[in-house]
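Residues per chain, in single letters:
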Amino acid sequence: MGMITNLMAQQTIWRLPEESRALFATLIVAGAFVLILGLIPVLQTLPPRGRRAIIVTVTFLAGLFFAAEFFLPVDWTAIFPKDDPKRNFLTPAIQPAQNVLQIIGALALGLGTFGLVRLHLRNAVQKRPQWGYSIVLLVSFVVMATLSILNTLAEKEIVERGPVLERAFSILFDYTLVQLDAAMFSLIAFYIFSAAYRAFRIRSVEASILMFTAMLVMIGVVPLGAQISPALPTIANWVLAQLNAPAQRAIEFGVGIGGLAMAIRLWLSLERGVT
Amino acid sequence: MLSVDRRWLYLILFVNIVIFLLAPLRMPASISPPVQKFYDEIEKLQPGDLVMISSNWSASTLAENQPQLEAVITHLMRKQARFTIISIEAQSRDISYRLAERITKEKGYQYGEQWAHFGFVPNLAVAIKGMVTDLPNTIKQDVRGIEVTKLPVVQGVKSLSDYKMIIDVTPSGTVPVWISYSPKNVKILYCPTSVMAAEAYTYLDSGQIKGMITGAKGAQEYEQLLGIKGLGAPFANTISFSHLLIIFFILLGNFAMLMNRLQARREA
Amino acid sequence: MDWLQAFLPLNLERLSVWIGVLCTLAIYSLLYRENPIYRFFEHMYIGLAAGYSLGPLGVDILYRYWIEPIWIQGYWAWAFVVPYGMYLYFIFSERYGWISRIVIGTLIGASAGLFFQEFSSRYLPQLNSTLQKPLWVSDANPDLTYGMIINNILFVIILLSVLTYFTFSYEQRGPVKRVAIWGRWFLMIGLGAIFGNTVMARMALLIGRIYYLLNDWLMIRVGGG
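These protein sequence lines map, in sequence, to chains A, B and C. Heads up, the first sequence is in the numbering used here, so the first residue is 442 and it goes up one at a time. Heads up, the second sequence is in the numbering used here, so the first residue is 4 and it goes up one at a time. Heads up, the third sequence is in the numbering used here, so the first residue is 570 and it goes up one at a time.
Treat each hint with caution, since some may be false.
Simulated pairs of lysine-lysine, DSSO-like, Cα-Cα distance not exceeding 30 Å [as the list claims (entries may be wrong)]:
id : chain 1 : residue 1 : chain 2 : residue 2
1  : C       : Lys-702   : B       : Lys-167
2  : A       : Lys-527   : B       : Lys-110
3  : A       : Lys-527   : B       : Lys-213
4  : A       : Lys-527   : B       : Lys-108
5  : B       : Lys-167   : B       : Lys-47
6  : B       : Lys-143   : B       : Lys-82
7  : B       : Lys-40    : A       : Lys-597
8  : B       : Lys-167   : B       : Lys-232
9  : A       : Lys-527   : B       : Lys-47
10 : B       : Lys-213   : A       : Lys-597
11 : A       : Lys-527   : B       : Lys-187
12 : B       : Lys-143   : B       : Lys-167
13 : B       : Lys-108   : B       : Lys-47
14 : B       : Lys-213   : C       : Lys-702
15 : B       : Lys-108   : A       : Lys-597
16 : A       : Lys-527   : B       : Lys-232
17 : C       : Lys-702   : B       : Lys-187
18 : C       : Lys-746   : B       : Lys-47
19 : A       : Lys-597   : B       : Lys-153
20 : B       : Lys-40    : C       : Lys-746
21 : B       : Lys-213   : B       : Lys-187
22 : B       : Lys-232   : A       : Lys-597
23 : A       : Lys-597   : B       : Lys-187
24 : A       : Lys-597   : B       : Lys-167
Don't read these hints as lab results, they were simulated from the structure. Only a predicted model underlies this, so the values are computations on that prediction, with no experimental measurement involved.
Input sequences plus hints: build the corresponding full structure.
Here's what the structure looks like:
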């Protein structure tokens, strides 16, 4: 196993020569796009069972890698004396797998942005109701995306950071986006306060326990609690550590067992509607 | 009484907060055991020890996480510890980088020598596994595009196991991921927003996290232990009175409901 | 007069602060009623947030893990990753939408495979911690006080009763039902703690905003610090 890992680490077949590296890289990437996207008509000819088989196989293999890496014993030196006794043969592959999943994760996050832009572009083009706001969104998106990409490239000194870029990004990020984000989430405080007066009703034993604990925690952990009585913070901390903690642990156990069952079902594609 | 326009309630809350932010109150905090443990763990650090700060908060939780991160970085610099920052939230990348740059410049900490920012990674679990296996090739380069192998702050570091501590400053459930995948020899400290704190007491009990600072009030306690003036104190003092107001209105609402019921019975 | 000069947006720094305040007050205008100003800033916020994310995604991830390894370092095998990931974008197509599930399956499979380690590292130590709590004084634990013992016994009782409440595989009757009812009450303590902390968190966020208005914009010194 160590021999295979060593072969893969050798850079001769996996690395393009330095001369014309950019050209070869561009050609290979273009070829990869053509090949992978060109597979789509081929995949499309598969019957539904064949499609499901591919999805199930990919899911299983992706899970098998991480599960096997965790479960396999680490010390294989009895069979492969030159191996590292602290890792099994799959462990070195974790790092490249990490790279692949980060790239796919980034593309998955980009999917949300793509969907949003697509929706509002359609609103604007088709002049649906309130399409003016969609224009606002799209203009903000384009301007911020440009500045964000340029700013991140400038941080890595790939492009030059001029005073205009610095000031524009600062205004849009520090003084607009950050302020809007903070203001948006601070609205919840008003709604909680309004709900506290209009909706929080103590009608049962359970509601009484919940409200009493909440009030004890709300007053006990803040500085005012210590001013009212030195015992209040002690009682509040005791409630959190000795009464709240076991309840949370019981919830954790339930979530853990449920999560394990769900993980196995997802790994083996037993869950309907996912694959 | 129950049909009062909710806008009056919003105004009452707003005025309450303005009054108590402006009031010259100085209520010292009662140091809670999790914050004391947090402080004690960082006090145990030796000069040159390496700490990973996971900063995952965005502007939406600025008021709670910013005082925490500022106090943590101040304490680490006081202990002359080296630290690296990583973010799993896109906005947090720039927020934490700019904040750390400002604070470290004030105290003379050099980027690259004593601290660095590893940028943004969307998938935390595989990133941690990658860092445990091979940190330089997982992170590759910092936010400034410098290769990790060329950064003096992590010279010779091959794995996350070479770190002494992980400090998770977060508004979301990322600490279970750190607990699940990080090496067992690395201590974990937690700086959640108050929303996440109640659930974390089970990890404190089992020793999976060694200390915790809860939101703005935790930041006040920590600032008090450090002897510094930060945003935690004015925020925590004002929170006290906004809580008093909410409790009063909860009781008032229930009292109003009771009165309505009694009146309805009388009329019936 | 000095204050007024410092207050007004007469330079870029102050103008930036005024922009931030305008954004905050525009969002808060929703509290009065739904209005076009709020809608405008809401859409601007969504556009800015979506646009901002492209920088870290594109540069921190794609450049770091894909562009640089291929074009600068020459590791050509990475070329296949982004085209494979682009299968995700077929989710918008009715005809080819199923292809996106291949990549989704990769992500789901990876998460599921990772869960075994999470289960063993996250939950088993908590079980271990619970089982190791001493419930009586013995030679093995000479430093144990009666207060700690009572705490431990209470901990175990609460844990078991809440777990009993969550057991739905059979009908709860008699003593089991009584224990489950106690479990529900103990659960309310946990939920009350969460609620109290949630209120604290939200208040802190609002206080942070008002602090910005008072300290950064109106330049009024905030007391208590």
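Here's how the hints hold up against the structure:
Between the alpha carbons of C:Lys-702 and B:Lys-167 the distance comes to roughly 28 Å, so the proposed pair stays at or under 30 Å and holds. Note on A:Lys-527 and B:Lys-110: the hinted pairing is violated, with a Cα-Cα distance of about 40 Å set against a maximum of 30 Å. Simply put, A:Lys-527 and B:Lys-213 have alpha-carbon atoms about 26 Å apart, close enough for the 30 Å limit, and the pair holds. Between A:Lys-527 and B:Lys-108 the alpha-carbon distance is near 40 Å, which puts this suggested pair outside the 30 Å criterion.
Between B:Lys-167 and B:Lys-47, the direct Cα distance comes to roughly 10 Å. Compliance with the 30 Å bound is thereby established for this hinted pair. Of the pairs offered as hints, the one joining B:Lys-143 and B:Lys-82 holds, with about 28 Å between alpha carbons and a cut-off of 30 Å not exceeded. At roughly 38 Å between alpha-carbon atoms, B:Lys-40 and A:Lys-597 are farther apart than 30 Å, so this suggested pair is violated. For the hint pairing B:Lys-167 with B:Lys-232, the CA-to-CA distance comes to about 27 Å; that is within 30 Å, so the pair holds.
Our distance criterion of 30 Å between C-alpha atoms is met by A:Lys-527 and B:Lys-47, whose separation comes to about 29 Å. Taken as a hint, the B:Lys-213 and A:Lys-597 pair is broken in the structure, with Cα atoms around 36 Å apart against an allowance of 30 Å. Our distance criterion of 30 Å between C-alpha atoms is met by A:Lys-527 and B:Lys-187, whose separation comes to about 14 Å. A C-alpha spacing of about 21 Å is found between B:Lys-143 and B:Lys-167, which places the hinted pair at or below 30 Å, so the restraint holds.
Taken as a hint, the B:Lys-108 and B:Lys-47 pair is honoured in the structure, with Cα atoms around 25 Å apart against an allowance of 30 Å. The hinted pair formed by B:Lys-213 and C:Lys-702 meets the criterion: a straight-line CA distance of about 18 Å does not exceed 30 Å. At roughly 19 Å between alpha-carbon atoms, B:Lys-108 and A:Lys-597 fall within 30 Å of each other, so this suggested pair holds. Of the pairs offered as hints, the one joining A:Lys-527 and B:Lys-232 is violated, with about 46 Å between alpha carbons and a cut-off of 30 Å exceeded.
At most 30 Å may separate the alpha-carbon atoms for a hinted pair to count; C:Lys-702 and B:Lys-187 meet this at roughly 21 Å. For the proposed pair C:Lys-746 and B:Lys-47, the alpha carbon gap of about 49 Å is over 30 Å, so the pair is violated. At roughly 14 Å between alpha-carbon atoms, A:Lys-597 and B:Lys-153 fall within 30 Å of each other, so this suggested pair holds. For the hint pairing B:Lys-40 with C:Lys-746, the CA-to-CA distance comes to about 39 Å; that exceeds 30 Å, so the pair is violated.
At most 30 Å may separate the alpha-carbon atoms for a hinted pair to count; B:Lys-213 and B:Lys-187 meet this at roughly 12 Å. A C-alpha spacing of about 34 Å is found between B:Lys-232 and A:Lys-597, which places the hinted pair above 30 Å, so the restraint is violated. Among the hinted pairs, A:Lys-597 with B:Lys-187 is inconsistent with the structure: their alpha-carbon atoms are about 34 Å apart, more than 30 Å. For the hint linking A:Lys-597 to B:Lys-167, the alpha-carbon distance of about 28 Å falls within 30 Å, and the restraint holds.
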